[in-house]
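Protein sequence lines correspond, in order, to chains P and B. Residue numbers are given in UniProt numbering: position 118 of the first sequence equals residue 118, and the series is strictly consecutive. Residue numbers are given in UniProt numbering: position 452 of the second sequence equals residue 452, and the series is strictly consecutive.
Since the hints were made in silico from the structure, they are not lab data. The structure displayed is predicted, hence computed values, not measured ones. Only true hints are included.
With a Cα cut of at most 25 angstroms, we get these calculated DSS-like pairs of lysine-lysine:
| # | chain 1 | residue 1 | chain 2 | residue 2 |
| --- | --- | --- | --- | --- |
| 1 | B | 389 | P | 235 |
| 2 | B | 265 | B | 223 |
| 3 | P | 373 | B | 419 |
| 4 | B | 470 | P | 553 |
| 5 | P | 265 | P | 297 |
| 6 | B | 553 | P | 125 |
| 7 | B | 235 | P | 389 |
| 8 | B | 553 | P | 473 |
| 9 | P | 120 | B | 553 |
| 10 | P | 541 | P | 553 |
| 11 | B | 235 | P | 419 |
| 12 | P | 554 | B | 459 |
| 13 | B | 373 | P | 389 |
Part of the chain P face toward chain B, derived, beta carbon under 7 angstroms:
| # | residue |
| --- | --- |
| 14 | 475 |
| 15 | 477 |
| 16 | 501 |
| 17 | 556 |
| 18 | 567 |
Think of the CB as a built atom: it goes at the ideal place given N, C-alpha and C, for glycine as much as any other residue.
2 protein chains.
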Amino acid sequence: MSRGRKDDTMNDNDFNENTDPLRIIPLGGLGEIGLNMMAYECGGDILIVDCGLMFPEPDMLGIDYVIPDIGWLRERAGRVRGICLTHGHEDHIGALPFVLQELNVPLFGTALTLGFVNEKLREYKLDDLVELVTVRPRQSVDLGCFRVEFLRVAHSVVDGCALAITTPEGVVIHTGDFKIDQTPVDGQLTDLASLSRYAEAGVLALLSDSTNVEREGFTLSEKYVGEAFAEIFPKCPGRIIVAAFSSSIHRVQQVVDVAVAHGRKILLNGRSMIANVRIARQLGYLTISDSDLMDLKELGHLSPEQVCIISTGSQGEPMSALTRIAMDDHKQIKLEKGDTVILSSRVIPGNERTISELINHLYRRGAEVFHEKVSEVHVSGHASQEELKLMLNTVRPRFFIPIHGEYRHLVKHIQLARKVGIPEERCILATNGDVVAFYADTAAIVEKIDSGRVFVDGKGVGDVGNVVLKDRKHLSEDGMVVVIIGINQSSGALIYGPDIVSRGFVFEDESQDYLETSRAVVLEALDELNDEMRCDSEEVKQAVRQALRRFFKKSIERRPVILPVIMEM
Amino acid sequence: MSRGRKDDTMNDNDFNENTDPLRIIPLGGLGEIGLNMMAYECGGDILIVDCGLMFPEPDMLGIDYVIPDIGWLRERAGRVRGICLTHGHEDHIGALPFVLQELNVPLFGTALTLGFVNEKLREYKLDDLVELVTVRPRQSVDLGCFRVEFLRVAHSVVDGCALAITTPEGVVIHTGDFKIDQTPVDGQLTDLASLSRYAEAGVLALLSDSTNVEREGFTLSEKYVGEAFAEIFPKCPGRIIVAAFSSSIHRVQQVVDVAVAHGRKILLNGRSMIANVRIARQLGYLTISDSDLMDLKELGHLSPEQVCIISTGSQGEPMSALTRIAMDDHKQIKLEKGDTVILSSRVIPGNERTISELINHLYRRGAEVFHEKVSEVHVSGHASQEELKLMLNTVRPRFFIPIHGEYRHLVKHIQLARKVGIPEERCILATNGDVVAFYADTAAIVEKIDSGRVFVDGKGVGDVGNVVLKDRKHLSEDGMVVVIIGINQSSGALIYGPDIVSRGFVFEDESQDYLETSRAVVLEALDELNDEMRCDSEEVKQAVRQALRRFFKKSIERRPVILPVIMEM
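Chain P extracted, bound-state conformation:
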């Protein structure tokens, strides 16, 4: 497969910047978990690896998704040859619907990865506009001066790949997310043989997944989860509900295998679970016979010991299928004593309290619950320290750049690389926006480009900034008080109000007295202004704000947002 360089692109603006032979520029995922996106720039060509999103952190109030800022790419759009995707997780493909609207370039990935991507593009009505190119492991594509070979890695989503990127300056190995599972469910081992082949010829740089660098030893094989299921299932008297990430096709396969062996039918719950199972079956990554798969509507025809429901909602998302079941608010499923719920997924940081509440509610419904903390019903998809060392020793790169991790993970991964003998000066701690340039036989961070995060809120992409978020935070803590005052602009006389309305503060029910007192405070503040000052809206606003702020702080120690509205009449 080969894609030539388009002639017109040589005229692209600011091409002169490209005096360094090879530049690697992280646009997301270095210094944070999620939002993975990396640009490789060489000889006028730009190659992008992954294009992920991040779910909002707790202080990003009201935000739906976070995507990388692609301002830098936007200015160089004509030189982008394509996006290579390592695997089909949201933090690697989730920003595509937003980024492709501005940057229409072909996508390269394995069949399942592109299956998931296509589903996503269909939702955003982009599926007819974007070219998807399916690549098999050990197959290469040429993108301008880059040759990219896809190499199998084991991970929690099926069909994941590392990339061996051959550039005019040397080979870069970009691991994507990986673990070195010795007994993967599909038998597809991490392709250490190919990595060794590249290592023999010499690797310029290794960019390796840092997610689990704080964990000692080896990550358990995915097969362990199947064994845990095999232990739990025979002891369950009633229905079994397994909640898992809908992209975890291996996990689903293992549930199916154990369930069918124990005479249970499979019923799917949750939109993305139904979609992903359909895609994975169509592409041959998941084996469920039609006779074992039933529609949730048929639940009533089965006795409890014949039922295995595979569901989304393992993070306790408020509107999810599993939360509705836990709150006894699900159309088809009503939990009873004897039922078992297995949360076969990790707790995403930030969701601890929500999931904890979910489990409490499941117990209130009478179910028994198995989860990561009390049973081995989940294993990680990321390499632990010993696997990371094995990757470093297999690839033996000249330079090492840790990727996919918060700042501390990157630091720890470099400490690990130092332990296996990579000299300090060849370990590069880069974070988003750092441009790593490779010269002759050195590499260094040579500049910092604008990078960052863009918030998606509803249909708005990027219009919610820090001021809005700061206001939302302030509003969320003590609510808002609006004061409406009408002032005659010639006499300075008060001719309307003050009217006070509030939300999220205290003025409810029996707080009428407090409202009256607040009004008096405003009147007093106005009295202290002379006629001229009262004709100046800004002056009045400031006086009102100050007086109320002081009064609220002293009387009840709260600091609501105070919004004076002055009508000039």
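Dock chain B against chain P, hints included.
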């Protein structure tokens, strides 16, 4: 020590409810972590055990503390004989300053517990008003018909006790928080001997700590943390900062011992750390020689390898000492490469992201960081499964009531009790407000009283309810839009506005166009009303709200709080 029943109390209202010989009524802490408070009622007397607070959950926006609703006690104030405190943690003593304002009764506890309580009461200027009675382990107090013996238990705070409560109906063992540490730092073992003595005579009920019921095996001894310090300290080239809970006096002692052995001076950072160390030293629970303790102001006179700072802020609280250090915003302490920070505390659920960010910032400053996840620098203060079984088997109660736990912990603790042979019908799963009554030789939940949580926000106790919180939540997600309209009440003509102001929405900077369009939407909605309807404020408000809601949803998919203000002119 003895406190007789006051004569006047026999006239207390609704005393007739007390037909059951013994009633146990959880007012907090059963079905939640924190907020521990239990009432024992017998023969006209009420005894309270503990009076804790809870730090707000993420959805309790702007709330400072959560305390138990004591409405039920308020109506029976004259019959309350006193509050016995098991130990000095916030979730057992933190609500005292609020509760004592309504219920002035004597407090009973060990010296350190009351030392912490007194500090708290001083802050609220209550210290002169409340009677504190110091009790030593194995000492008893009589409170009405109750005799309460305090029995030593090991826990993460020094001087903790279980209570053996002798009632006319039998003995109840109330463990408080405990672990069965075989090598506690102060040598004070959990008093299994006394518990056995009660068991021999027969125990009516055991109420036991469920916090760690999901953990298998035994909880590690506090001494392990000292050993971890002893391994880490000699390897640290620069300054060492240990962050710990200021109430963890044993932890502080172990830091001090290792630091002094390595020639480091102790400097304290954080208000509560300074206060608690002072109290513990005064009472003889902590040994630091004056020559080893230095003021933080003297930091400049010490070389890095002479410094050990013990600090608060292990939870990444925004204004805390440690966070300021991590953000390079601390007056005296500036981190450098070579410095080491040890987070010697657990991650309180809900704080995961904040602490994770704290650690990243510490690494950015150049420090090395040890924390619970990567090193054994913290152990729990609560009993794991094997210890809980040992407690059950030692006390051999007739009835078992799990306490201190979320719903799932209570369920799991009963499963554990069943395993050691307590029959199902003698395990009582009670949650807050359930009245457990003991008859002859049965016990059962006989009614549910009003219980719940009261929010403290600034100086306001209980004035923030669910409507205010719901508004804050709504405001936090999409902000607020205020629309001001003046309408002539005789003609229905629009004579002012519409003015639109917003906070936390989108109307910033370049959104002027959108603001204009929104104004047009309001005008259109007003046009559709006839003159009569326009004179009805409610009618106008509803029309404006509906039109804007529809417009915002369609154009940008957001749902701000819309607050129309109609001036009748």
